[in-house]
Amino acid sequence: MTPHFKTVLFTRKVIEFRRIFHKPLTGDNAFKILTATFASTIFLIIGLMVYELIEGSRLSIQKFGLEFLINSKWDPAISQVFGALPLILGTLVTSLIALLIGVPISIGVGLALSEYMPKRLGFAISFLVELLAAVPSVIYGLWGIFTLIPFLRNHVYPYLQAMFGFISLFSGPIYGGGVLTGGIILAIMIIPTISAVSRDVFSVVPDAQREAMIAIGATKWETSLTVMSYARSGVIGAIILGLGRAVGETMAITMVIGNKFQVLPTSLFDAWYTMAAIIANEFTEATYDLYVSALIEVGLVLFLVTLIINVLARLIVWRSLRLVRGIARE
Amino acid sequence: MDVYIIRKIKDKLTRVLICLALLTALIPLFTILGEVTLKGISSININFLTHSTPTVGEANGGVANAIQGTLITVGLASAIGVPIGIMSGIFLSEFSEHKLSLAVRFFNDVLNGFPSIVIGIFGYTLVVLSVGFSVIAAAFALSIIMIPIVTKTTEEALKLVPATIREAAIALGIPKWKTIVTVVLSGAKKGIATGSLLSLARIAGESAPVLITMGYWRWWFAGLDKPAANLALNIYIFAISPFEGWKALAWGSSLVLIVLILSINVAVRVFTREKYK
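Respectively, the protein sequence lines represent chains A and B.
According to the working numbering, the first sequence holds residues 1 to 330 in order.
According to the working numbering, the second sequence holds residues 1 to 277 in order.
The following block holds chain A by itself, in its conformation from the complex (with noise of 0.2 angstroms):
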């Protein structure tokens, strides 16, 4: 008697229970709950690299503070002393560079797929500029170092030397392999990357725009001046993409710049070194705790760079494309 009673008691405050806190647990709730969760994992994860970049860099943090910053010594073997200042300078000059020589490209690339190309023909070059993005990084890399650097060095560097070497940025001995070539390669790989995104802003703006500069007797280049503008934001947003794709890219500018630790190259044709690289390079063969933990916190400022970067160029692309296409609906 007794236990039956109880068990009904308890059987009943359960259901109080749940009627109160819960929702019925449906087919639907349940599913919704178990996606919800393997697509809150994504939070878990960068969660997780914040803490782990942190925990793992915290060595050298404690050792050198903000010193790492602005410190240009790297010198693992004697004093064991890491400052990154060079590694920061040559990944932001190398992409700058990068920028310079890809943006105007790709902004071409990206009119030339949405104004002037017919839509079956540029279905078929945007597959190509597609397949570009595919190719590893490594490749590029290879390709970098047996193809670009001979033909940079004996066909194009000796002349631009002849040309401009009363400037200092292309003076000294010509290597093949360095910082310009570096943001060449770089160039090469973030085009895909801004010439598709530029592309896709382009094709929505609306087409009210083109007819209006059409009907008023505007050439092709004028109807272009105007689409540019209108997604102007956009486009932006896509360099800024480009960019974070620069910083980050690693096997192919390890291959092509050099690896020279020191804070300013010469010129152009010189060695440098990128954050990118000098992880790629040296982490297998760090040997103390110390130096480990130097390269984590290189990889640490390259996660905040990046972070910053793509931050600020997802927010830029999805505001203009909403914004362009919400006016198109009106």
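Since the hints were made in silico from the structure, they are not lab data.
Wrong hints could be hidden among the right ones.
Stated by the list, open to error - Below 27 angstroms or equal to it, Euclidean Cα-Cα: the simulated DSS-like pairs (lysine-lysine) are:
#, chain 1, residue 1, chain 2, residue 2
1, B, K8, A, K119
2, B, K178, A, K32
3, B, K10, A, K220
4, A, K119, B, K159
5, B, K176, A, K32
6, B, K152, B, K99
7, B, K10, A, K119
8, B, K12, A, K119
9, A, K32, B, K190
10, B, K159, A, K32
11, A, K32, B, K99
12, B, K178, B, K159
13, A, K119, B, K152
14, B, K189, A, K32
To be verified - Stretch by stretch, here's where chain A covers chain B in the computed footprint (C-beta under 8 angstroms, at least three residues):
#, region
15, 170–182
16, 204–214
17, 233–244
On a predicted model such as this, the values are computed, not experimentally measured, just so you know.
Virtual Cβ for every residue (Gly too), placed ideally from N, Cα, C.
Chain B: place on chain A using the hints.
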């Protein structure tokens, strides 16, 4: 009249410039394909495909162990990354009004832009420090590269399934979750397969995170908690080595890898274009 001519000239000039831009962008693709094919084809033979990495100076050696290692690592990474990606994609597309989904979508895009080397370091601190340089660690890092790609493509594929199909299923009294699992998913399975294959092609070519989580290994597969050889990583190691034989292997490996990756890309693109036209 003068202004008119100047405008005409400007128009013609920019046309030429835009064609030039297109040409410059595509030249690397063709020279890479040409170079890899020319130099790679001469080093591919039976030995290349059946032997493992040679020691220095040894004559006949190949990359069979690297092909094996790459397949195992990529397979394991897919086993982790693809289910998570597909489930997240389902959430984003089917519960897009949920307050979580905007944040998930945003962070997914952000994760997609992270450098693979940073993800490699993540794999190092999380897995390598406890297990050691291993296939598991590499697969973990590579799966994190996969997740955002699979999530995004799954979401897109599910959104392409017409609403009328869902409505029809719901009108028959099928609960929403069953509708999604049976009707919507099967309608989008080609798109989902596309996304998974594309992400697979992407991680097959990754070498920076593999270098950090697996290390270089010259021998045959020895267990999931041990390193394994890897095609993409081999290209890097062979390319910077001073031995001519290894350089030839680098070109051969590149040809194998590029044929694999580009054929996956071409196949899925051709495949899906037919479907959605």
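Hints, verified against the model:
no. : hint               : in the structure
1   : B/K8 with A/K119   : holds (24 angstroms)
2   : B/K178 with A/K32  : holds (12 angstroms)
3   : B/K10 with A/K220  : holds (10 angstroms)
4   : A/K119 with B/K159 : holds (24 angstroms)
5   : B/K176 with A/K32  : holds (10 angstroms)
6   : B/K152 with B/K99  : holds (18 angstroms)
7   : B/K10 with A/K119  : holds (24 angstroms)
8   : B/K12 with A/K119  : holds (21 angstroms)
9   : A/K32 with B/K190  : holds (23 angstroms)
10  : B/K159 with A/K32  : holds (17 angstroms)
11  : A/K32 with B/K99   : holds (12 angstroms)
12  : B/K178 with B/K159 : holds (17 angstroms)
13  : A/K119 with B/K152 : holds (26 angstroms)
14  : B/K189 with A/K32  : holds (20 angstroms)
15  : 170–182            : holds (count 6)
16  : 204–214            : holds (count 7)
17  : 233–244            : holds (count 5)
Violated hints for the displayed structure: none, as all numbered hints are satisfied.
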